[in-house]
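Turn these sequences into a full structure, and let the hints steer you where they fit.
Residues in the sequence shown are numbered consecutively from 8, following my numbering.
Simulated from the structure, these hints should not be mistaken for lab results.
Here the structure is a predicted model, which is why all the values come from computation and not from measurement.
Hints are not guaranteed to be accurate.
Said to hold, decoys possible - Ranges of calculated distance between the beta carbons of each label pair, as one might list FRET restraints: (1) M25 <-> M84: 51 to 61 Å; (2) F9 <-> L33: 42 to 52 Å; (3) A101 <-> A123: 10 to 20 Å.
Said to hold, decoys possible - Derived DMTMM-like pairs (lysine to aspartate or glutamate); straight-line CA-CA distance at most 25 Å: (4) K107 <-> D68; (5) K107 <-> D85; (6) K107 <-> D120; (7) K107 <-> E90; (8) K18 <-> E59; (9) K107 <-> E81; (10) K107 <-> E133.
Glycine residues also receive a C-beta, built at the ideal position from the N, C-alpha and C atoms.
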Amino acid sequence: MFDFAPDRVRKGPDLTPMIDVVFLLLVFFMLASRFSTDVVMPLAASTGQAGEWTGPPRLIDVDPGGVLRLNGGEVTMDMLLSELSRMTEAPTDAIILRAKEAPLQDLVSVMNDLGAAGYSRLILVE
8 MFDFAPDRVR KGPDLTPMID VVFLLLVFFM LASRFSTDVV MPLAASTGQA GEWTGPPRLI
68 DVDPGGVLRL NGGEVTMDML LSELSRMTEA PTDAIILRAK EAPLQDLVSV MNDLGAAGYS
128 RLILVE
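Structural data, given as structure tokens:
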């Protein structure tokens, strides 16, 4: 009878649009998700006016490698906290912190430890 063209091999569905949608969703969720939480450290702003200093000097140097010095003498964190409790009359007494080319994380760790010990008036100088 009729001679039609030979049967063509059927192609599978085109997956390109589906792959595009999957990659767009992947990018969206990567940008919308949070991989870590932010930690906030409360710092009190200063007006630049000098207050009255009471007691002995309390200068903490944070050196590279996490080395701590209190008024020039090398101390550990436990020794630092015990010396500060001896040197201060109240936890609101000023404590000066100076980071000598130390990584920011070392300085933040010292500030967290001092805050956990109750010291609330930390002065950061360059």
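How the hints compare with the structure:
no.	hint	result
1	M25 <-> M84: 51 to 61 Å	57 Å, holds
2	F9 <-> L33: 42 to 52 Å	51 Å, holds
3	A101 <-> A123: 10 to 20 Å	18 Å, holds
4	K107 <-> D68	7 Å, holds
5	K107 <-> D85	21 Å, holds
6	K107 <-> D120	18 Å, holds
7	K107 <-> E90	21 Å, holds
8	K18 <-> E59	85 Å, violated
9	K107 <-> E81	14 Å, holds
10	K107 <-> E133	8 Å, holds
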